[in-house]
Amino acid sequence: MTAMTIAETSVDVDAEGFLTDPRQWNERLAEEIARENGIPELTDRHWLVVHFMRGRYLMTGNAPSIRSLGKESGVPIKELYQLFPKGPAKLAAKIGGIPKPRGCI
Amino acid sequence: MARKQIVILGGGTGGTMTANRLQRRFDADEAEIHVVDVDNRHVYQPGLLFVPFGLAQVEEIVRPRRRQLRNGVVFHENEVEEVWVERDEVLLDDATVLPYDVLVVATGVRLQPEETEGLTAAGWNERVFTFYSPEGAEALRGALERFDGGRLLVNLVDMPIKCPVAPLEFAFLADWYLRERGIRDRVELVYSTPLDGAFTKPIASERLAGLLAEKEVKLVTEFNAGEVDGVGGKLVSYDGRELDFDLLVTIPLHGGAAYVERSPGLGDALGFVPTDKRTLQTPAKPNVFALGDATDLPTSKAGSVTHFEAEVLTENVARYFADEELDASYDGHANCFIETGFHKALLIDFNYDTEPLTGHFGPLPLLRESRLNHLGKLLFQWVYWHALLPGREIPGLGPAMPTAGKRRTPVHTS
Numbered sequence: 001m002t003a004m005t006i007a008e009t010s011v012d013v014d015a016e017g018f019l020t021d022p023r024q025w026n027e028r029l030a031e032e033i034a035r036e037n038g039i040p041e042l043t044d045r046h047w048l049v050v051h052f053m054r055g056r057y058l059m060t061g062n063a064p065s066i067r068s069l070g071k072e073s074g075v076p077i078k079e080l081y082q083l084f085p086k087g088p089a090k091l092a093a094k095i096g097g098i099p100k101p102r103g104c105i
Numbered sequence: 001m002a003r004k005q006i007v008i009l010g011g012g013t014g015g016t017m018t019a020n021r022l023q024r025r026f027d028a029d030e031a032e033i034h035v036v037d038v039d040n041r042h043v044y045q046p047g048l049l050f051v052p053f054g055l056a057q058v059e060e061i062v063r064p065r066r067r068q069l070r071n072g073v074v075f076h077e078n079e080v081e082e083v084w085v086e087r088d089e090v091l092l093d094d095a096t097v098l099p100y101d102v103l104v105v106a107t108g109v110r111l112q113p114e115e116t117e118g119l120t121a122a123g124w125n126e127r128v129f130t131f132y133s134p135e136g137a138e139a140l141r142g143a144l145e146r147f148d149g150g151r152l153l154v155n156l157v158d159m160p161i162k163c164p165v166a167p168l169e170f171a172f173l174a175d176w177y178l179r180e181r182g183i184r185d186r187v188e189l190v191y192s193t194p195l196d197g198a199f200t201k202p203i204a205s206e207r208l209a210g211l212l213a214e215k216e217v218k219l220v221t222e223f224n225a226g227e228v229d230g231v232g233g234k235l236v237s238y239d240g241r242e243l244d245f246d247l248l249v250t251i252p253l254h255g256g257a258a259y260v261e262r263s264p265g266l267g268d269a270l271g272f273v274p275t276d277k278r279t280l281q282t283p284a285k286p287n288v289f290a291l292g293d294a295t296d297l298p299t300s301k302a303g304s305v306t307h308f309e310a311e312v313l314t315e316n317v318a319r320y321f322a323d324e325e326l327d328a329s330y331d332g333h334a335n336c337f338i339e340t341g342f343h344k345a346l347l348i349d350f351n352y353d354t355e356p357l358t359g360h361f362g363p364l365p366l367l368r369e370s371r372l373n374h375l376g377k378l379l380f381q382w383v384y385w386h387a388l389l390p391g392r393e394i395p396g397l398g399p400a401m402p403t404a405g406k407r408r409t410p411v412h413t414s
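Order-wise, the sequence lines are chains P and V.
Going left to right, the first sequence walks through residues 1 to 105 as our numbering numbers them.
Going left to right, the second sequence walks through residues 1 to 414 as our numbering numbers them.
Extracted from the complex, chain P is given alone in its bound form (with noise of 0.2 Å):
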């Protein structure tokens, strides 16, 4: 674990930069780390969906994985692909300043 600092605030990150604290988490950092990782504007479907998997984690402790994010969030899992090119459900989880999820055994 590091700290790093993104849009002026210092975070505490792990070795692929998802943050390990949620609560450091505001919407300007998750602009900067969008732009970081080549999502250059985030519209209302990426708020969406971040909004989606950053609520679930907290209120579970667990992020959806790409299935229920694309069956609950109301957003397609073409659509999330499109949005979130690299991995939807890794980026809208680095985005949402919440851990990697993992997936299961």
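Just to be clear, a hint being listed does not mean it is correct.
Listed next, the in silico EDC-like pairs over lysine to aspartate or glutamate satisfying Cα-Cα at most 20 Å (straight line) [to be verified]:
#1 P:Lys90 / V:Glu222
#2 V:Lys285 / V:Glu115
#3 P:Lys100 / V:Glu222
#4 P:Lys100 / P:Asp12
Don't read these hints as lab results, they were simulated from the structure.
Add chain V to chain P, keeping to what the hints say.
Then chain V, alone, in the frame of chain P:
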């Protein structure tokens, strides 16, 4: 106590074991146990892996469900329409209503190939197969016999799946089978997975990726299959990557039983039943328990898990009736043999907190190929029918994961 009604949905590994353990635990005047399943065919599922290679026949791995249940257990060959959690009742497809004092959900998973675009369209069971059902495994056997070269693609659509090591085992056995047939040099074997490695946990993933490489199986990671063209022989990922195939062996999406989705308050969006990971009680209601593949627990969907869970669950049903605090001791313990071909197998043993490590489990080496592990895997079918399902204690196979014999180094962090 007044005679209790215990209804168990599902007569597979978990339901059968639970029914037999509870039947032994309670006298006939204390509890009546009902088991509901849609058919009378109990499949020894680990055997399905061997069917495509002609190493097992479907008839050898299927037995009547009814005969695996102890005398006194009432078997209903019915589909479950709906569970009325609020009213403590189950509605069956012939309009029978079964009232219960305790409900045990053990209906496992349902394969959902139709959820992947094109998967069950033209080419299904011709060029595109799964060995996760007896019919599929049998059809694949014929296709493999006719296969004389080209690209054999093994694909796992998405987690969770039953027996997460089975697709890897299939790739290992395919390599062996094709070498035995003398056509390995004419076949390109490819393994594609949505995971970022061969497996979910770092040490096992590294070891298994090494085995794939040794056997010249190409590994394609982070491949989320979105669409199948069974006629053109193309598997397309959601991010637009394409993998060509001459023969596709796929592990389709898994979801919970259909009635779970029809029963308000019982399951999640995928039809799995949220379950307490230590006690196996569900948040749906205190008298509803679940085990096996049907749950949403963060451990493998595997018979060994179900076996260890059944011990804790049985205890907790008794404690629930006695109004005692539940036993919160289930630790996520799982173990699996991993067939690697050439009469060898690996063994992994792990739980919620400890990933599969090297070392040994009793006399068996962990995460290392050995003939002894292969014999263990073969012998296990006998143990399954004669000790596991009847609910007998098996020495050395308790619910809590043993730590003796496991090497803690090298340490990986995930």
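Status of the hints after comparison with the structure:
The hinted pair formed by Lys90 (chain P) and Glu222 (chain V) meets the criterion: a straight-line CA distance of about 11 Å does not exceed 20 Å. Distance hint between Lys285 (chain V) and Glu115 (chain V) is unfulfilled; the C-alpha atoms sit about 30 Å from each other, more than 20 Å. As the CA atoms of Lys100 (chain P) and Glu222 (chain V) are separated by approximately 14 Å, the hinted pair is consistent with the 20 Å bound. This hinted pair checks out: Lys100 (chain P) and Asp12 (chain P) have alpha carbons roughly 13 Å apart, not beyond 20 Å.
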